[in-house]
Every structure is written in C-alpha cells, then in structure tokens.
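**Q** Guided by the hints, dock chain B onto chain A, whose structure is given.
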Amino acid sequence: MTSSQKTESFFWAKTYVHLAAGLVISSIFLLLVMIFIFAGPALFDQGHRSIFTWQWNPYQGQFGILPMLMGSMILSVSALLLALPLAISLCSLLLTAPRRLSARLIHMVIRFMTAIPTVVYAFAGVLLLTPLVRFSFGGSGLSWLTATFVLVLLILPTMVLVLNSGLKPKLDDLCPQGLAMGLDRLDLLWFFVFPHTKKTFLAAGLLGFGRAVGDTLIPLMLAGNAPQVPMDLGQSLRTLSAHMALVTANEVGGAAYSSLFMAGALLLGISALVSLISRALVTS
Amino acid sequence: MNRLHILSLSLLFCCLTMGTAPATTLKDFQGQKGTVNIAGGTAHIPVMKAAARSIMSAEPDIRITVTGGGSGVGVQQVGEGLVDIGNTGRALKESEIEKYGLQSFPFAIDGVAVAIHPANPVSGLTQEQLIKIFTGEITRWQDLGGPDAPITLYVREDGSGTRETFEERGLNKAVPSTNSNVSNSNGAMKTMIAQDKNAIGYVGIGHLDSSIKALPVDGMQPTQENAQNGSYIITRLLYMNTKGEPQGLVRLFIDYIYSKDGQGFIAAAGYIPKSKD
Numbered sequence: 001m002t003s004s005q006k007t008e009s010f011f012w013a014k015t016y017v018h019l020a021a022g023l024v025i026s027s028i029f030l031l032l033v034m035i036f037i038f039a040g041p042a043l044f045d046q047g048h049r050s051i052f053t054w055q056w057n058p059y060q061g062q063f064g065i066l067p068m069l070m071g072s073m074i075l076s077v078s079a080l081l082l083a084l085p086l087a088i089s090l091c092s093l094l095l096t097a098p099r100r101l102s103a104r105l106i107h108m109v110i111r112f113m114t115a116i117p118t119v120v121y122a123f124a125g126v127l128l129l130t131p132l133v134r135f136s137f138g139g140s141g142l143s144w145l146t147a148t149f150v151l152v153l154l155i156l157p158t159m160v161l162v163l164n165s166g167l168k169p170k171l172d173d174l175c176p177q178g179l180a181m182g183l184d185r186l187d188l189l190w191f192f193v194f195p196h197t198k199k200t201f202l203a204a205g206l207l208g209f210g211r212a213v214g215d216t217l218i219p220l221m222l223a224g225n226a227p228q229v230p231m232d233l234g235q236s237l238r239t240l241s242a243h244m245a246l247v248t249a250n251e252v253g254g255a256a257y258s259s260l261f262m263a264g265a266l267l268l269g270i271s272a273l274v275s276l277i278s279r280a281l282v283t284s
Numbered sequence: 001m002n003r004l005h006i007l008s009l010s011l012l013f014c015c016l017t018m019g020t021a022p023a024t025t026l027k028d029f030q031g032q033k034g035t036v037n038i039a040g041g042t043a044h045i046p047v048m049k050a051a052a053r054s055i056m057s058a059e060p061d062i063r064i065t066v067t068g069g070g071s072g073v074g075v076q077q078v079g080e081g082l083v084d085i086g087n088t089g090r091a092l093k094e095s096e097i098e099k100y101g102l103q104s105f106p107f108a109i110d111g112v113a114v115a116i117h118p119a120n121p122v123s124g125l126t127q128e129q130l131i132k133i134f135t136g137e138i139t140r141w142q143d144l145g146g147p148d149a150p151i152t153l154y155v156r157e158d159g160s161g162t163r164e165t166f167e168e169r170g171l172n173k174a175v176p177s178t179n180s181n182v183s184n185s186n187g188a189m190k191t192m193i194a195q196d197k198n199a200i201g202y203v204g205i206g207h208l209d210s211s212i213k214a215l216p217v218d219g220m221q222p223t224q225e226n227a228q229n230g231s232y233i234i235t236r237l238l239y240m241n242t243k244g245e246p247q248g249l250v251r252l253f254i255d256y257i258y259s260k261d262g263q264g265f266i267a268a269a270g271y272i273p274k275s276k277d
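Heads up: the protein sequence lines correspond to chains A and B, in order.
Per UniProt numbering, the very first residue in the first sequence carries number 1; after that it's consecutive.
Per UniProt numbering, the very first residue in the second sequence carries number 1; after that it's consecutive.
Quick caveat, the hints were computed from the structure, so don't treat them as lab data.
By construction, the Cβ of each residue, glycine as well, lies at the ideal position given by its N, Cα and C atoms.
Among these hints, one or two may not hold up.
Said to hold, decoys possible - Only some residues are given here: those of chain B computed to face chain A with a beta carbon under 7 Å:
no., residue
1, H117
2, T152
3, E157
4, D158
5, T178
6, N179
7, S180
8, V182
9, N184
10, D196
So that you can see chain A by itself, here it is in the shape it has in the complex (with noise of 0.2 Å):
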C-alpha cells in the first residue's frame, strides 16, 4: 500500500467516524427535543396545570405523576440499600479466594445473571415472591416490598461486577507485600483497599441505582401500580416507568397522553444525572 493510499484509508475511516458518532449523538438530541417539545402541553397549557400534584385520577382531570416520582425514587434507594451490602458482601468473596470453587461458581452465575432479561426475573417474582410475600405479610403481595427484593437480584450483579473489576487491580497491587507482613487478603482488602476507594463504590451504586429507576417490568409486573404514596413495605406503589406503560396502551393525545412525556422527560433527566456522574467518576 502507498502512502497516498494509506492517507485515502484514513481518511475515510475518519469520516465514517465522525458520522457516526454524530448520528448517534444528533438522534440523542432529537429524542431530547421530541421528549421536551410533547411534554411542552403538559407543562405550559393552564388546563394541565395539575401535573405536580399527588393526586392522579384522569377521569376528574387530575394528572398528578409526583406519586410515581416518589415511587421511582424509594424503589429504587430501598432496593440500592439492601444491594450495596450484598455487593460488599458478594465482592469481597470473589476477591480473597478467588480460586476457591465456591467463588468462581458465584462468578459464574454472576456473569450469569446480567444476561437475563428482567420479564424473567419479574415472572418468577410473581409466581413464587408474591404469594410467600401475601403469607407473611397480609395484602396482596404486589408491593414495595416484593419490586424491592427482586430488583435487588436485577442490580446486584452489574454492582458486582463494577466493584470487582474496581478493586481487583488495587489488592493484586497490595498483595506480594502485604502477604510478605502477615496479613491475609480479607485483611488487606477490608483494612487497606476499602478506605481508598469511595469513587468505585458510588460508581457501582450509581449504576445500580440507574438500572433500577430505569427498569420498567419488575415494577409492572410486583409493585401493584397503585398511584399512591405507599406508607409501608406491604404497600402497592406505581413507578414513572411502570407509569408510562400502563396508560401508553390505552391514550392519544390528551392531557394523560402528555402527562407521559413529562413522565419520560423527568425518568431522562434521572439516568442521564446518575450516568454523568457515575462517569464522571469511573474516568477521574
């Protein structure tokens, strides 16, 4: 090859970059525009004044999507709570006896786990989650508690993940020398690695907490979809996301019709915050 051919090649190559990152980066953009321009109605029109409030009952013209926000929200931080020690947990195993054949066949149904689709996770939910859920505690077993367990197996495996790849490189850095002075890895890992590495737990609690305000089925499928404030565990609650498919099905245009968009718009900026930042924090 010549180098002018070489030079052709390149440049080429360039171009066929660059438009394709700026497809990608312009259908974000419309989408952004599209999503805003739709909720536009629900947020300027006066007869859709109502979209802030707690109350939504389309039949009396209240569009109220702020208990669906709320149930984004303590779905998610609840299920993220009960993760993170799990994570910890799960994590620190795979790291101080890695070869151990308990830990690599964690491993592997870890690796395992994050190829599942979550209509799976939600099916075997209800099924077998909700009923033992309705014994113990009264209800119907489609509530807080039971879109809270089976999130959990749906983050749990992305935060593992993160934190191992995060912390692995930092104890094999640790190890010669530290096993030299007597320590074992769990020491090392608990004493040593733990107290220097906030970024990659937010991180994995980040995307944790982004998977999880953003799945849509689990919380269809086992929170109940009440539209309502849940004021314990055993409580129904509808999130923005189980929101948006259960009044898709059925409106056109409308004042609930536009409600979604602000509904969507709203989810957007959550993931789109929780993913900034969580870049922002694996690359620094």
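**A** Just chain B, lined up with the frame of chain A:
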C-alpha cells in the same frame, strides 16, 4: 366454557343471524392480492387472527398482519394511516372521530364479570355493595358474609375498555379507591385473582374459567347468553375502526368479520357476534 358449549353457541348464532349476515365468503377474496394491517385492542386479537388465517390459507397472495397494543394504539395507528384497521374495546371519543375522520364497525359484544378467588364462599353481590367495595368503604370480606379477611382490590389500567365498561355499568361511574392494584391485561388480572384468596377484580366474560369465580351482581348472572339478551348489563362492544370509508380488501375483511365464518370466530373467542348496523 367447554368446547362443546362454544360450538353449540356458535352454531346457534349462525342460525340466528343467517338472514342478516352479509353474503361475504372466502370466495369473494378469490384473485385478490395485497395486505391488510390491523392493530389495537387486545381483546380482538383471537378473532382477527382466526379470520386472517382463514383468508390467507385460501388466498396466499393476501397478507394480513395482526398486532395488539391496546385501544389507544389502535386509534392512533389507524388515524395516522399506519394500519388499515385500528381496533378498540370502547367507542371512539368525539375528539378522535373529529381529529382523524374515523368510521367505527362494532362487531361483537363482550361482558365484564366481577371475579373472586374460587375458595371465597361469597356467592353474589348487590351493585351497592360492589360500589362500596371498590370505593374502599367496605374493606373486609366478613361484611359480605365471607371469611374474616381484608379485601384486596384489583382494577385495570386507565383507559382500558374493560375498566371503562366496569366503572360505567358496574360501578355507576363511581371512582375506585387509589390503593387498588392495577394490572394491565385480562390475563394478568386472572393470574392475580387466581393467586390471591382475598382478591376481587373483573375480567371479560370470555376470559372466565375455573381458576376464578364469577359473581352475579344484583342477581344478574355473568354469561354471554345474558349479555346477549340484555339481562346482564355490564357489557361493551368491540369495534373495528377505519379512516374514512373502507375500500377494497379492507372492506372485504370487515364484511368477512360480519359473515357466518366471522361470527363463528367471534363466538369461539368467547364473545357474542353483533350483526352489521
């Protein structure tokens, strides 16, 4: 409902409606080619699919696609010209007819039945009790002669044709309590009620089977026969909608749904055929 039942029902309807059914048969599709795209209400799917299969196996040059999406999707897609027929489980709103210039073709009657867990001894409700239950005024089964247990409410999502029918005809437009669980299809509703022995909810009569127990309301038995003869009043119509007057193959398809064959498919899906106005 067992198969023999459905068969005899459909035969009965065929005999009853023979005079009024349009003469469209599979023969009219001979030599036709092209596509018909159908989307919308999920209750319609079994009927549409059966008709599509029957037409397509007779005339391989005709392609008919059937997808769901719900009543709203049906209106939007047919209005925007994305499909030829948009199905709804509710009458079109005035705004939808005006915006898109749609025409409606009601072709079947469906009843909505109140359903509870089969182990629940409660055997009937008055409409007044039904309203009190769903608005959250009665919260325990023992107030209705049932076991000492709280009632769990299940409703369908906003805008569902089944929900609209139930609230308008069954609850006299009362607003159900906001702590009701919401499920997004007849199938999901049935699963929930079958699992929860304190449940009360509602499904299309065609979806009733032994996994749930249908309750008479004010002594009205929820059966398709009673929905047909008017002695059960919690009923709705299923509609096909087109943008403007249907033409060509779409017209033939609609007439086929009203034909003897179509009435058979409707009855087999658990609904009552309605003759063309």
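**Q** Now, for every hint given, state plainly whether the structure supports it.
**A** Hint check:
1. H117: violated, 12 Å
2. T152: Result: holds, 4 Å to nearest chain A Cβ.
3. E157: holds, 4 Å
4. D158: Where the cut-off is 7 Å and the nearest Cβ of chain A is about 5 Å from D158/B, the hint holds.
5. T178: holds, 5 Å
6. N179: holds, 5 Å
7. S180: This hint holds: S180/B lies near chain A, its Cβ roughly 6 Å from the closest one there, short of 7 Å.
8. V182: Check passed: Cβ of V182/B comes within 4 Å of chain A, closer than 7 Å.
9. N184: Since chain A brings a Cβ to about 6 Å from N184/B, closer than 7 Å, the hint holds.
10. D196: holds, 6 Å
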